[in-house]
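*Asks:* Spelled out from the first residue to the last, the chains are:
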Amino acid sequence: MDTNSEKIELRLPFKAEYVSVARLTASGIASRIGFDIEAIEDIKVAIAEVCNKLVVIKSDKSDYYTITFNISHDSLTIVFDCDDDALGCIFGDDENGLGVSIIKALMDDVNLCMNEGSFLSMTRHLEGVN
Amino acid sequence: MAGKNNRASSYHQNDDILFERYKKDPSKDARNEIINKYLYLPEIIAKKFTSRGIDYEDLYQVACLALIKAVERFNTDLGVKFVSFATPTIVGEIKRYFRDKGSVIRIPRRIYETYQKVSDARDSLIQELQRAPRVDEIAARLGISEENVLEIMESWNAYNIQSFEQSAYQDEDVELYETIGAEDDTFEKMENKDFIKRSLEKFNDVEKEFIKMRYYHRKTQKEIADVMKVSQMYVSRMERRIVDKFRKLLNK
Chain A
7 MDTNSEKIEL
17 RLPFKAEYVS
27 VARLTASGIA
37 SRIGFDIEAI
47 EDIKVAIAEV
57 CNKLVVIKSD
67 KSDYYTITFN
77 ISHDSLTIVF
87 DCDDDALGCI
97 FGDDENGLGV
107 SIIKALMDDV
117 NLCMNEGSFL
127 SMTRHLEGVN
Chain B
763 MAGKNNRASS
773 YHQNDDILFE
783 RYKKDPSKDA
793 RNEIINKYLY
803 LPEIIAKKFT
813 SRGIDYEDLY
823 QVACLALIKA
833 VERFNTDLGV
843 KFVSFATPTI
853 VGEIKRYFRD
863 KGSVIRIPRR
873 IYETYQKVSD
883 ARDSLIQELQ
893 RAPRVDEIAA
903 RLGISEENVL
913 EIMESWNAYN
923 IQSFEQSAYQ
933 DEDVELYETI
943 GAEDDTFEKM
953 ENKDFIKRSL
963 EKFNDVEKEF
973 IKMRYYHRKT
983 QKEIADVMKV
993 SQMYVSRMER
1003 RIVDKFRKLL
1013 NK
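For the record, the sequence lines run as chains A and B.
For the first sequence, the tail end lands on 136 under the working numbering, and the numbers increase by one without skipping.
For the second sequence, the tail end lands on 1014 under the working numbering, and the numbers increase by one without skipping.
Don't read these hints as lab results, they were simulated from the structure.
Check before you lean on any hint, since a few could be wrong.
[Said to hold, decoys possible] Residues from chain B shown here face chain A by an in silico Cβ test under 10 Å; the list is partial: (1) I797; (2) A902; (3) L904.
[What the hints assert, rightly or not] Here chain B is said to cover these stretches of chain A; the calculated rule only asks that three of the stretch's residues, wherever they fall, bring their Cβ under 8 Å from a Cβ of chain B: (4) 29-39; (5) 43-56.
All values derive from a computational prediction rather than experimental measurement.
Every residue, glycine too, gets a C-beta built ideally from N, C-alpha and C.
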């Protein structure tokens, strides 16, 4: 139900010290949707995995990336964007690596390679509401 | 005074004598006598604080030092038993140790103090609800804000700092850093060694001698030319020939 969905956007520099901000923001949003603390921990870990990867591969630290939280009544979809198309598939080099495995295990739907500047989107559904 | 003496057990009277003796003669022996008698206290108290991130041995040491402090500070005139005085002293020292040394990353006091409560509330709520609790449930239980709970959750991993030197598994003498993998280049080295050994058979003695001097002993072409009593030009040509031959063998 797209009519019910709302968006929160977070623009962060490619710096490791702000990963915690993303985690804390995500936890607040996830809690608002009604996820329990275990699910919140999962979401935070998945976000940190992506953020850390972004921070590592991007050498120009003055640039920004955007995390969009798509909020619906029973799910949270997190999309990572950046104006820099060159980054492309951030996990392209290790599709089966530990980072991707962790994200896939923690989130329900994971879309690794997206077009037009989006690196990745991942969704977690609220259990018991399906 | 008489009433107090009547109430006091002989155990207590013994203490009075011991402390009286220590006061008159503040020697290590006199102090040790008291400490030996109460050494069970640090043991019980330290055990209560285990599995909170600090090893029992460390806690026991802190508790023992606290016992010594308690003996130093104890005043028989106060009319309390030494145990009643020493216990809170030891507990206090251990708590202070947790606060000051327990965590590598210092956490704001506000969060530190609620941390334990949130952790306890989570555990009991899991039991009661038979599922993982939500943040608002924990917040309601403790009467704190949801934001506060979320902040504490974010700081959880700051508590469980992993040391490279901690044991990786319980009761095993394997330390964490030993379990971390590293690229093992031994096989490649062996293969390279084997390749060089086999390749060398295809070179004549002069060439072998050159390889030994040039690549094992790191001599210059000029030095080798002097040893072989030939011109540097000749050595240079020989080197090019040898490298070419090696390259061919390698590509085979």
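*Asks:* A separate judgement is required for each hint: does it hold in the structure or not?
*Replies:* Going through the hints against the structure:
no., hint, in the structure
1, I797, "45 Å, violated"
2, A902, "13 Å, violated"
3, L904, "13 Å, violated"
4, 29-39, "holds (count 5)"
5, 43-56, "holds (count 6)"
In the structure shown, a violation is registered for the earlier hints numbered 1, 2 and 3, in ascending order.
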